[in-house]
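Trainee: Using the hints, position chain G against chain D.
One line per chain: the protein sequences are D and G, in this order. Each residue of the first sequence is one higher than the one before, starting from 1 at the first, in this note's numbering. Each residue of the second sequence is one higher than the one before, starting from 464 at the first, in this note's numbering.
Mixed in with the good hints there might be a few duds.
Label-pair distances were calculated between CB atoms; the ranges are [stated by the list, open to error]:
1) G:Asn673 x D:Pro390: 50 to 58 Å
2) G:Phe657 x D:Asp263: 17 to 25 Å
3) D:Arg221 x G:Asn536: 51 to 59 Å
4) D:Gly372 x G:Pro497: 39 to 47 Å
5) D:Ile278 x G:Asn536: 33 to 41 Å
6) G:His487 x D:Arg325: 33 to 41 Å
7) G:Thr605 x D:Asp263: 16 to 24 Å
8) G:Arg664 x D:Arg325: 47 to 55 Å
Treat the hints as calculated values from the structure; they're not laboratory data. A virtual CB, placed ideally from N, CA and C, is assigned to each residue, including glycine.
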Amino acid sequence: MSSMRKGLTLWLWAAVALVGAVSVAIGYWQARKETQEQLDYQMQQVVHILAAQTFAPSAAVPKSTPAAVSPFVRISHDEDDDLIVSVRDQQGNLLYASRANRQLSGSVLPALDSLGFQNVMLDGQAYRVFVAQSGDKRIEIAQSLDVIREAEEGVALATLLPILLLLPVLGVGIGFVIRRQLRPLNAVASLIASRPPLCLELLPVDALPREVRPLADEINRLLGRLKAAVHREQRFLTDAAHALRTPLTALQLQADVLDGARDPAEKAARLAQLRAGIRRVSRLSEQLLSLARSESTAGPLTVSTELDPALEEVIALHATAAAARGITLQADTHSNVRVYGNARRLTLILGNLLDNAVRYTPDGGQVRVRVGTEENAARVEVWDEGCGLPPEELDRVFERFYRAPGDDSNGSGLGLATVDTLVRQLGGRVVLANRVDRPGLIATVTLPLASELAVASAQYAAS
Amino acid sequence: MRLLLVEDDHMIGESLAKGLRDEHYVVDWVREGPAALAALRDRYAGYSIAVLDWNLPRQDGLSVLRQMRADGNTLPVLMITARDELADRISGLDGGADDYLVKPFELGELKARLRSLLRRRDGRARSEMVHADLVLDPVTHTVRQGSGLVAVTPREFTLLRALMEHPGAVLSRSQLEERLYGWDDGVQSNAVEFTIHSLRRKLGPAVIENVRGVGWRLSGTP
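Here chain D stands alone, though its shape is the one from the complex (with noise of 0.2 Å):
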């Protein structure tokens, strides 16, 4: 998992890290050249100096160096740093050469022969070497190189301990200041944890920073389609439940009084009441079920189903109640009608629509089925000789449990709802319109038409 505090560190710290050792390098590298500068500067000033004082060439050497003249020149305390000087005349005999020198095995400066500044190696030392012409005077002033070295990466580091210093300095600072200003992110999620697992309300975002404030929306938004889905699901177990209450109520009542019948064709017919009973129930919890069915599984339309086939079969399921009824049941079939949707919907589509058919028919009545086409839409139609609806309950019988009043049949005011429910899926709808020549009702289901080209694309696009 990516850390954004992680990462933010890390990469401050690098950038930190990165600019510091350029201003490091520079800084240093700077700090040298101008230290060099600066001594090579005391050399030529001790050179001035050295040009103005006449040496008598019998003269003895004298005990006191030049650099002790002028304190400028003294660098170091030590007498390894001190400036090896040594003057000479024109027929390059010693004039004067400093303490130092002794250092030097051949106990003075060679003569050089090259004017100005340059580095030697002497003794297996290297050396800065000026070598000045003045008057009749030459005049030649070295200091070892290692004390150069030294006085400059002395001045470089004391110009630089600070940004070594104040760099991890930097370094917490930096960690310091994205975990605090990463806090509102710590609030959310631990806002979030300590919830109880159910719990839906929405997170308080007023307080919340700019930049947290689009994922805590989004999450907001997230949590309010939860809460509905989980409202529903609530709602329609809540409905289910009294739903299952009533036939549940009715199986009690049919077997308590099971016992009370005081002959055997009273016990038989209370017996039959019961099993009636008992199919109800059967009934209405397949019905719950294909209903749920239906509103969880809203998949891509990827299939399509030839109608007729689909209508056979359920005219097929629902001969034997219709015949024992006397109920015929015609169908006017049009071939090659295809539809979204795979055929266990369609047939519970029109299981339901038949059911419901032959359930408000009277006996020796007729139920009719058509099929036809309009504009990219099949058009399926269930005719039958029930009493039909007032005109304001036409709409309202497609709500869950629904009944209308004086309904007897024992639905359970679930079959419309699940047919409006899956034809909705399938991009269609569902309408009941009261007949005109008689009365009855004609349940009237558009459907999209299932182009071929479509369902191929649709079905490449799944694969």
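Mentor: Same frame as chain D, now just chain G:
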């Protein structure tokens, strides 16, 4: 004992009517709110008690109940409903229900609650009704006289119970017929006389007294 049953579900209604008839109630069953109100407003129906479902088409049970109470009807009402929330129970009872039974329930409990409501209505401490040496037990459907058990038919039981509910009061022929028959039963013209005759034969001629031109009552002091 005439009972008004208001229930829209036909399976529940059918079984309740059967079960209550087994208990010797005379049951009138209606399935919608307005029909229930019409039955309750019928002054000659002579109901002893009503079983009222909450969820009814066209007018719900609670509004039927409020309406009948507003009419001044004090008939004991047992409400049956699938609503089990506390608020529902409270508004049902406050709306004028005398008792409240949540679906699903057992027939035995419903019967016991009806007996309890009737007992309360009559101000009796026990289910048994006593008059002189006669004891009528609505729970076991038995009649005892002294120490002996008397076998009675359901109709005889119902008639005797009507008389024992109001000891000393004279009940007219039509009042007794109302207790004996529901809407669906064909009333036989001499059924009341016939039943009284057979009761006198079983319990002794002096038990039921004829007040000429008015009706019948239990004789003697309770």
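Trainee: Next, verify each hint and record whether it holds.
Mentor: Status of each hint after checking the structure:
1. G:Asn673 x D:Pro390: 50 to 58 Å: 54 Å, holds
2. G:Phe657 x D:Asp263: 17 to 25 Å: 23 Å, holds
3. D:Arg221 x G:Asn536: 51 to 59 Å: Check passed, 55 Å falls within 51 to 59 Å.
4. D:Gly372 x G:Pro497: 39 to 47 Å: Hint holds: Cβ distance 42 Å, inside 39 to 47 Å.
5. D:Ile278 x G:Asn536: 33 to 41 Å: Cβ of isoleucine 278 (chain D) to Cβ of asparagine 536 (chain G): about 38 Å, so the range 33 to 41 Å holds.
6. G:His487 x D:Arg325: 33 to 41 Å: 37 Å, holds
7. G:Thr605 x D:Asp263: 16 to 24 Å: Cβ of threonine 605 (chain G) to Cβ of aspartate 263 (chain D): about 21 Å, so the range 16 to 24 Å holds.
8. G:Arg664 x D:Arg325: 47 to 55 Å: Given about 51 Å between the Cβ atoms, the range holds.
Of the numbered hints given earlier, the model fails none.
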